[in-house]
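Next come the chains, spelled out residue by residue.
There are 2 protein chains.
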Amino acid sequence: MGMEIRKPILVADAVKSVMEYAKYGTQETIDFAEADGRRLAEPLIATNDVPSFDKSPYDGFAFSSKDTVNASTINPVQFEVMERVGAGELPTLKLKSGQASRIMTGAKIPEGADCVAMFEVCKSFEQNGKNYMEIKRTMQAGQNVMPVGSELTTGTALAEAGSLINPGMKAVLATFGYHKVKVATKPVVGIIATGTELLDIDEPLQPGKIRNSNGYMVAAQAKRAGAEYKYYGKLADELEPSYKLVKQALEETDLLITTGGVSVGDFDLMPEIFKRLGAKVLFNKVAMRPGSVTTVAVKEGKLLFGLSGNPSACYVGFELFVRPVIQKALFNDNCYHKQASAVMKDDFLKPNPFTRFVRSYIDYDEQGLSVHLSGMDKSNVVSSLAGANSFMVLPGGTRGYKVGDQVNVLLLEEMKGQSKFLL
Amino acid sequence: MGMEIRKPILVADAVKSVMEYAKYGTQETIDFAEADGRRLAEPLIATNDVPSFDKSPYDGFAFSSKDTVNASTINPVQFEVMERVGAGELPTLKLKSGQASRIMTGAKIPEGADCVAMFEVCKSFEQNGKNYMEIKRTMQAGQNVMPVGSELTTGTALAEAGSLINPGMKAVLATFGYHKVKVATKPVVGIIATGTELLDIDEPLQPGKIRNSNGYMVAAQAKRAGAEYKYYGKLADELEPSYKLVKQALEETDLLITTGGVSVGDFDLMPEIFKRLGAKVLFNKVAMRPGSVTTVAVKEGKLLFGLSGNPSACYVGFELFVRPVIQKALFNDNCYHKQASAVMKDDFLKPNPFTRFVRSYIDYDEQGLSVHLSGMDKSNVVSSLAGANSFMVLPGGTRGYKVGDQVNVLLLEEMKGQSKFLL
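Residue numbers (the numbering used here), protein chains in the order written: chain F, 4 to 426; chain S, 4 to 426.
Simulated from the structure, these hints should not be mistaken for laboratory data.
Hints are all accurate, no fakes.
Put simply, identical chains are the same to the list, so a pair is met inside one copy or across any two.
DSSO-like, lysine-lysine: derived pairs with alpha carbons at most 27 Å apart:
#, residue 1, residue 2
1, LYS183, LYS226
2, LYS405, LYS419
3, LYS250, LYS226
4, LYS10, LYS126
5, LYS288, LYS126
6, LYS247, LYS302
7, LYS226, LYS341
8, LYS247, LYS288
One chain only, chain F, in its complex shape:
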């Protein structure tokens, strides 16, 4: 204990070994009103043609195009205007030759009409108490008419399972009458923060102690990733109560995250707890910075993530290893963070034995994507976490990276994701 030598595995191999245990979750049917931000459990299908009736895209007059075959500036054609059809109203008349109806945008084309002439090309007038209009041009059959199903036909797949329900998706769901929506059930993530040094957020600082931030951070990351969480509180570094709580939490949740207790030190708990649980350790050292001590184990198909107690390492460990498992449970096959290529706008000169995931802020300019160290004061870990919307991925084995270098970046706030980890 304490001096164990661990073999680091490559990040991509670590992710792969975790994802072997990731699986689609369950689905539930919820009210349309509650669906924002959830993900579809099945493809979204058009339940009717769009439009569902022959529709006018403009305000104007509907009539038979045949009546205008000989129309021209010197030979205007006149129509008697029979009625007015507003959007949502039904035409009451079948039009005959020489008859037109005033029609509004979105209204149903009357029987006997096959085109719509916009107001701007017609001249209205009254005569003997009747309404007329005249037109000086020929019209084609179908002109300014949106036929049934011209935009969409019943049965068309409009979005795949795993898609995020964003405002546009809400419009689609409403259009097709999905007042109940089948969505992926949010997986429940258990969270336990370990460390004798941890104070609660509302406690005053004490010498030698720090406030627990990892537990709350991971909870917020789980929420952002689409999960629910159950926070089991913080624990001192004591084996017996920790073991019991981990065991209980593992039974009550879909996956479990602990923070702290994974380093190779005197009081490091998690390896011992994993052993007592009979959990299979997938890896306990990853060739990355920060977070090299990240440990992941499996017990009866459930994943246990032993994240580092260091805030940066904890943050990175969650995004690399936990988030794709959650996204997969939400039926999203694009479960990995979207990857981009960006130009560095800050130096990062620390030598890199392992691949480094640096908290960064991605920005956009005329040259494309640029990436900056994040935070108002870039030198400190805490504020850089708050400002991060991405990780720079800096491969190991170099002396450092400089302004102008092109690097890969993982986008933490992109909603769709991609199907492969670090292409």
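Starting from the known structure of chain F, arrange chain S on it as the hints suggest.
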């Protein structure tokens, strides 16, 4: 009525005229647990030094560096190991020359010690029932010690007002004991959908009618933009009841959105309602597609947004005109959508009299940013809304745009935003 000629104004001028009425909102104090996704009402300040005590970043031994002045591989120096200091524990002894304490990552450096040697460079042994360690190298004062305030000093600003409370920000808030957080109060957006053609989401389709999707879509957009909404339902195109509801909604909300009823047609309500309210119309035609009939008015400092009944136009109108007002109310000076430059991956060949905002999907590849028409079937409006994470901004006056053209894009899901509209 019906044939009124409207003068279009430029999009940028329209946005500017709306933003003259945008203002910072109010603030409220909420529990830390509820703060995810909210925006800070004031800058976030460090309430203590980080670290707040001299701290060990590693597991190892703490002692006085002076004792190692002559240490070398042929002259190892030995220390008696006095106690073990775990993270969160306090050292009980002041170390003297020749004494060391075993110390864990995150623990407080004992008095009398000024450096930490990692386990890997020390050799532990027992002799006569006492614990010893020896080291074969010199150590410097301060080596492997994180002094008080070395990362952050009390009073440092860590994030500005208007910043989004993301997972990293939660970690910062927790670190500094913000169990209560001052956040921007969510502005309340009133929503009224007008149109005799509108059915409720749970009604079967009827000839000539469509289901109301705009009201729900705008509600989801308001939510995404950080607002609360109050949905007043849908109304037939009838002046008296519509006027009354608009008047009531305007009194009960911070800003009001109506959808539909703004075109130049027989049954178009909003211009008449604005007149009766005595609201000042800022503009009623914008040189853009879709959404040229977007109308914005002001009544006693409150903005009324008359968005088009066309779903695409409604969506675009919200994002261009309403969202920045909401973001400003949330203290975010970067209230406009982040702008990027991207390469087109699809043709868009429609001639463009006005600037066109095309629903698009932004993606990333080795060449940088690319932009695609959105939706599984790119030709239909409804599914393209669901897949959109951006607008292509296609300036007017051209014959169309082709694959490979570099165009400006507004990013709808980027969290930070920018301080100017369309640079």
